[in-house]
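Enquirer: Could you build the full structure based on these sequences and the hints that come with them?
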Amino acid sequence: MAAVTALRSSCRAAGRLVCIHRVRSCSSIRFIKSKYVCVFDKSALKFSHQQRLFRTSAVSCGQIVQFKLSDIGEGITEVTVKEWYVKEGDSVSQFDSICEVQSDKASVTITSRYDGVIRKLHYSIDEIAFVGKPLVDIEIDASKGVAPEEDVVETPPMSHEEHTHQEIKGHKTLATPAVRRLAMENNIKLSEVVGTGKDNRILKEDILNYLAKQTGAILPPSPKAEIVPPLRKTEAVPAAPKDKARKIPVPVSRPIVFSGKDKTEPVTGFQKAMVKTMSAALKIPHFGYCDEIDLTQLVQLREELKPLAEIRGVKLSFMPFFIKAASLGLLQYPILNASLDENCQNVTYKASHNIGVAMDTEQGLIVPNVKNVQVCSVFDIAVELNRLQSLGSAGQLGTSDLTGGTFTLSNIGTIGGTYTKPVILPPEVAIGALGKIQVLPRFNGKGEVFKAQIMNVSWSADHRIIDGATMARFSNLWKSYLENPASMLLDLK
Amino acid sequence: MTVSCHWHFSFVTKARCALAAFSISRADVPSIRYPIIKNMVLQSLKNCLWPFCILRVPKACFRSTASGGLIIQSVSNDVYQNLAVEDWIHDHMDLEKQHILFLWRNSPAVVIGRHQNPWQECNLRLLRQKNIKLARRRSGGGTVYHDLGNINLTFFTTRKKYQRMENLKLVVKALKALRPQLDVHVTDRYDILLDRQYKISGTAAKLGRTSAYHHCTLLCNADKFVLSSVLKSPYKGLKSNATPSVPASVKNLFEEDPSLTSEILLDAIAKEYATQHQIDHHITLINPADETLLPGISNKTEELQTWEWVYGKTPKFSVSTCLNMAYKDSVLDVKINMDVKNGRIEVCNIDLPEHWLPPGLYSELIKSLTGSKFCPNETTTLVTTLLRVCPQDDELHSRWNLLCDNMIMLM
Numbered sequence: 079m080a081a082v083t084a085l086r087s088s089c090r091a092a093g094r095l096v097c098i099h100r101v102r103s104c105s106s107i108r109f110i111k112s113k114y115v116c117v118f119d120k121s122a123l124k125f126s127h128q129q130r131l132f133r134t135s136a137v138s139c140g141q142i143v144q145f146k147l148s149d150i151g152e153g154i155t156e157v158t159v160k161e162w163y164v165k166e167g168d169s170v171s172q173f174d175s176i177c178e179v180q181s182d183k184a185s186v187t188i189t190s191r192y193d194g195v196i197r198k199l200h201y202s203i204d205e206i207a208f209v210g211k212p213l214v215d216i217e218i219d220a221s222k223g224v225a226p227e228e229d230v231v232e233t234p235p236m237s238h239e240e241h242t243h244q245e246i247k248g249h250k251t252l253a254t255p256a257v258r259r260l261a262m263e264n265n266i267k268l269s270e271v272v273g274t275g276k277d278n279r280i281l282k283e284d285i286l287n288y289l290a291k292q293t294g295a296i297l298p299p300s301p302k303a304e305i306v307p308p309l310r311k312t313e314a315v316p317a318a319p320k321d322k323a324r325k326i327p328v329p330v331s332r333p334i335v336f337s338g339k340d341k342t343e344p345v346t347g348f349q350k351a352m353v354k355t356m357s358a359a360l361k362i363p364h365f366g367y368c369d370e371i372d373l374t375q376l377v378q379l380r381e382e383l384k385p386l387a388e389i390r391g392v393k394l395s396f397m398p399f400f401i402k403a404a405s406l407g408l409l410q411y412p413i414l415n416a417s418l419d420e421n422c423q424n425v426t427y428k429a430s431h432n433i434g435v436a437m438d439t440e441q442g443l444i445v446p447n448v449k450n451v452q453v454c455s456v457f458d459i460a461v462e463l464n465r466l467q468s469l470g471s472a473g474q475l476g477t478s479d480l481t482g483g484t485f486t487l488s489n490i491g492t493i494g495g496t497y498t499k500p501v502i503l504p505p506e507v508a509i510g511a512l513g514k515i516q517v518l519p520r521f522n523g524k525g526e527v528f529k530a531q532i533m534n535v536s537w538s539a540d541h542r543i544i545d546g547a548t549m550a551r552f553s554n555l556w557k558s559y560l561e562n563p564a565s566m567l568l569d570l571k
Numbered sequence: 007m008t009v010s011c012h013w014h015f016s017f018v019t020k021a022r023c024a025l026a027a028f029s030i031s032r033a034d035v036p037s038i039r040y041p042i043i044k045n046m047v048l049q050s051l052k053n054c055l056w057p058f059c060i061l062r063v064p065k066a067c068f069r070s071t072a073s074g075g076l077i078i079q080s081v082s083n084d085v086y087q088n089l090a091v092e093d094w095i096h097d098h099m100d101l102e103k104q105h106i107l108f109l110w111r112n113s114p115a116v117v118i119g120r121h122q123n124p125w126q127e128c129n130l131r132l133l134r135q136k137n138i139k140l141a142r143r144r145s146g147g148g149t150v151y152h153d154l155g156n157i158n159l160t161f162f163t164t165r166k167k168y169q170r171m172e173n174l175k176l177v178v179k180a181l182k183a184l185r186p187q188l189d190v191h192v193t194d195r196y197d198i199l200l201d202r203q204y205k206i207s208g209t210a211a212k213l214g215r216t217s218a219y220h221h222c223t224l225l226c227n228a229d230k231f232v233l234s235s236v237l238k239s240p241y242k243g244l245k246s247n248a249t250p251s252v253p254a255s256v257k258n259l260f261e262e263d264p265s266l267t268s269e270i271l272l273d274a275i276a277k278e279y280a281t282q283h284q285i286d287h288h289i290t291l292i293n294p295a296d297e298t299l300l301p302g303i304s305n306k307t308e309e310l311q312t313w314e315w316v317y318g319k320t321p322k323f324s325v326s327t328c329l330n331m332a333y334k335d336s337v338l339d340v341k342i343n344m345d346v347k348n349g350r351i352e353v354c355n356i357d358l359p360e361h362w363l364p365p366g367l368y369s370e371l372i373k374s375l376t377g378s379k380f381c382p383n384e385t386t387t388l389v390t391t392l393l394r395v396c397p398q399d400d401e402l403h404s405r406w407n408l409l410c411d412n413m414i415m416l417m
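The listed protein sequences correspond, in order, to chains A and B.
Taken in order, the first sequence gives residues 79 to 571; the numbers are from the working numbering.
Taken in order, the second sequence gives residues 7 to 417; the numbers are from the working numbering.
Relax, there's no trap hidden among the hints.
Cβ pair distances, simulated, as ranges:
1. A/Glu370 - B/Ser235: 54 to 64 Å
2. A/Asn264 - B/Asn247: 43 to 53 Å
3. B/Val81 - A/Arg390: 33 to 43 Å
4. B/Glu401 - A/Gln474: 24 to 34 Å
5. A/Arg197 - B/Lys322: 18 to 28 Å
6. B/Trp313 - A/Asp419: 30 to 40 Å
7. A/Pro412 - B/Asp357: 39 to 49 Å
8. A/Asp419 - B/Thr327: 33 to 43 Å
9. B/Ser304 - A/Lys267: 33 to 43 Å
10. A/Gln474 - B/Asn343: 24 to 34 Å
11. A/Pro412 - B/Ser304: 45 to 55 Å
12. A/Asn264 - B/Ser255: 51 to 61 Å
13. A/Arg197 - B/Lys347: 18 to 28 Å
14. A/Asp419 - B/Val337: 25 to 35 Å
A few chain A positions that, by computed beta-carbon distances, are all more than 12 Å from chain B:
15. Gly167
16. Asp277
17. Ile334
18. Glu370
19. Leu409
20. Pro412
21. Gln516
22. Leu555
23. Met566
Computed list of lysine-lysine pairs in BS3-like fashion (alpha-carbon distance at most 27 Å, straight line):
24. A/Lys165 - B/Lys306
25. A/Lys165 - B/Lys245
26. B/Lys167 - A/Lys282
27. B/Lys334 - A/Lys428
28. A/Lys361 - B/Lys373
29. A/Lys339 - B/Lys347
30. A/Lys282 - B/Lys103
31. B/Lys166 - A/Lys282
32. B/Lys322 - A/Lys165
33. A/Lys198 - B/Lys322
34. B/Lys166 - A/Lys211
35. A/Lys354 - B/Lys347
36. B/Lys373 - B/Lys347
37. A/Lys339 - B/Lys306
38. A/Lys198 - B/Lys347
39. A/Lys341 - B/Lys347
40. A/Lys341 - B/Lys373
Simulated from the structure, these hints should not be mistaken for lab results.
Using N, Cα and C, we set each Cβ at its ideal position, and we do this for glycine too.
Expert: Now the structure itself:
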């Protein structure tokens with residue numbers, strides 16, 4: 079081994095890399111294309127075909143190491159492979175997870191001992207793997223000058239240190255290949271870093287601390303932290319910059335380049351269905367109509383009724399009032415509670431007022447509806463809304479709750495906004511979106527300025543069967559019910 | 007005979023200085039003849055030790071494998087937070103100097119093993135109804151039901167010192183010390199049996215690169231009725247290579263001896279661990295929500311709750327069953343075949359009578375289900391949304407709803 083390493087270092091100095099010598103001295107290493115001699119010098123690079131030769135040869139010069147399954151302990155000889163974290167062709171670094179195996183209630187994560195590229199997986203999922211037999215073949219990248227532990231291939235692994243050290247003569251700094259690469263990527267000389275590991279070995283934290291001192295960058299937490307009894311902060315070095323980082327975000331120029339990657343995900347399931355629905359909605363010619371409602375009286379009324387509802391175990395919001403008022407309006411303007419068929423041949427006037435309430439959940443927008451609002455009291459509606467809301471947040475709404483809607487109200491104001499442009503949900507023909515309630519100055523009948531609770535409503539309707547005048551009259555009626563809640567009593571059925 | 011001492015310190019070096027001042031070293035102790043003086047010397051040696059100093063003295067008669075130790079208990083009953091603590095300790099703590107015993111209890115939850123299939127193992131519908139959480143742990147093994155009447159013990163060691171039998175023997179020893187009349191013993195499947203027939207403890211383990219942990223449960227006073235009903239799967243026609251659970255009849259220790267509570271048992275086990283590792287019988291409480299103490303813990307907690315982890319990590323399985331749908335005056339037999347990978351429907355076949363649904367709609371349903379999560383909520387929202395772009399025909403709607411409701415029952 080010493081002969082090889084000495085040879086390699088002298089060759090590097092000469093600017094040449096000779097792989098063919100390795101074939102002779104290390105008989106246990108296999109080569110794919112040993113016929114290509116990767117001898118080159120700087121003059122040869124001028125010729126393009128030789129450049130090509132150099133490149134392909136460099137790949138084939140990596141030695142393939144068979145990574146054997148290490149001892150699990152307790153005398154176990156075989157395990158089942160349950161999940162692969164890598165596939166053939168992936169590059170791995172030392173300590174990256176390769177696979178998950180299971181044996182008798184124990185789940186074991188197998189990590190890579192080398193940096194390199196996976197060339198072969200010896201087992202597929204659910205196959206039995208044997209301890210001591212090869213698990214994967216890894217091609218170690220020779221150009222990076224890593225010294226793999228060739229002796230590991232033969233000896234039973236996991237009984238000695240995993241850090242490579244002292245095999246490369248002349249090096250005084252001890253560090254693992256992963257640490258060396260990190261230092262190289264950041265242009266740090268290992269001789270300048272203080273090692274805190276065993277025998278002054280340089281660990282990954284030491285490199286990160288060194289970087290932190292240079293740039294004041296925010297560090298990831300120390301990997302070897304300790305839980306301190308009795309709950310004192312650890313004395314690990316990153317603690318100080320971390321505290322500062324929590325208080326004020328410090329804009330720093332990081333030496334480590336962050337490569338954000340675009341993430342592409344397929345559109346599946348519910349999202350796919352929404353795409354279809356919205357594309358169909360696009361075919362409906364929408365028109366909008368917006369207005370402003372003075373809810374001062376309604377706010378007062380709700381304050382009075384809230385405790386009564388609570389006694390009955392129900393949370394009373396503004397929605398039951400909005401829904402009931404809409405239903406009363408629909409009785410006068412039934413065209414808004416209709417449905418137009420696909421060919422625009424027939425209009426179906428729906429008898430039931432199944433008013434949908436848009437809900438924002440983790441998945442996205444769902445619209446459960448309150449059935450038969452025309453025969454429900456405000457309290458009944460409140461009860462039903464409570465039920466739908468609790469089911470919706472638990473993700474347990476049934477198909478009957480989500481189908482059969484004829485008209486929709488969307489209370490986007492709970493999140494924010496004033497005027498919006500809602501999209502009609504087919505097969506309906508109209509939708510209303512309610513903005514937030516704001517306290518604004520308005521003039522009363524006497525010309526005095528008073529504090530008014532103002533909410534904005536934005537209606538959208540299908541212009542093929544509904545005209546602006548109808549929508550405006552419906553909106554005015556709805557508005558009058560809400561601005562003067564006592565008037566609802568006259569028309570309540 | 008000389009006895010060598012190894013000193014382990016957490017942070018303080020005062021004790022080292024203090025002991026250096028002592029002229030009598032521990033090596034001389036065995037040679038002191040008069041027992042009273044010997045005891046006094048030993049006692050004063052102990053007194054001068056700084057509380058955080060952990061002394062390891064190999065006994066003369068047997069080679070002690072015990073090293074320094076730390077006993078911690080979680081203040082939280084949230085299964086995800088507690089599992090996250092296990093992950094955190096496994097990933098971040100150096101266990102060379104001290105082993106750790108972690109004690110925890112959860113509010114009602116079902117915990118499945120790393121490579122198991124939740125549809126095969128438990129009644130997911132019942133879990134959703136009763137608001138019982140479902141969690142997937144990172145260790146292998148079978149499915150267990152947790153509630154506050156069940157205690158969990160996790161033994162953290164380095165990978166080399168991984169020893170399940172020793173840990174379980176410690177638990178049995180603690181139980182016997184507490185109540186000598188208890189008939190408890192460890193089987194070679196790493197279960198603890200009461201009265202030679204009832205399982206009171208199950209085991210699972212996780213091994214990483216440098217560290218390992220072995221955790222086990224102990225039934226003190228769990229709700230056996232809920233346990234048996236949630237761990238019975240109603241789903242038929244599932245075929246998978248996931249690790250199956252081995253059902254066993256269980257009994258609570260409380261039933262054997264009503265004076266036993268979870269607290270008493272936790273304390274007894276902590277005491278035995280402290281004795282074996284020669285440390286103070288002191289339990290440190292930790293809060294799994296404390297990000298400053300355990301940096302990165304909230305990310306781990308969140309990951310354990312994601313659908314991708316709990317359901318998405320299920321090994322590939324297939325569902326092959328027949329729906330008996332009562333429609334009008336007849337009963338339809340509809341064969342369903344689905345392949346589910348990573349919790350998502352990869353392939354879906356529904357064998358319906360010809361033209362029961364319009365062909366365009368049928369293919370739309372299959373296309374939408376493919377790639378969708380094998381989840382009732384996702385499927386419900388998907389099918390109800392699709393219905394919006396169907397022809398508005400009541401007959402069609404009722405058929406659609408009937409089929410979809412039946413399919414959702416499979417999930």
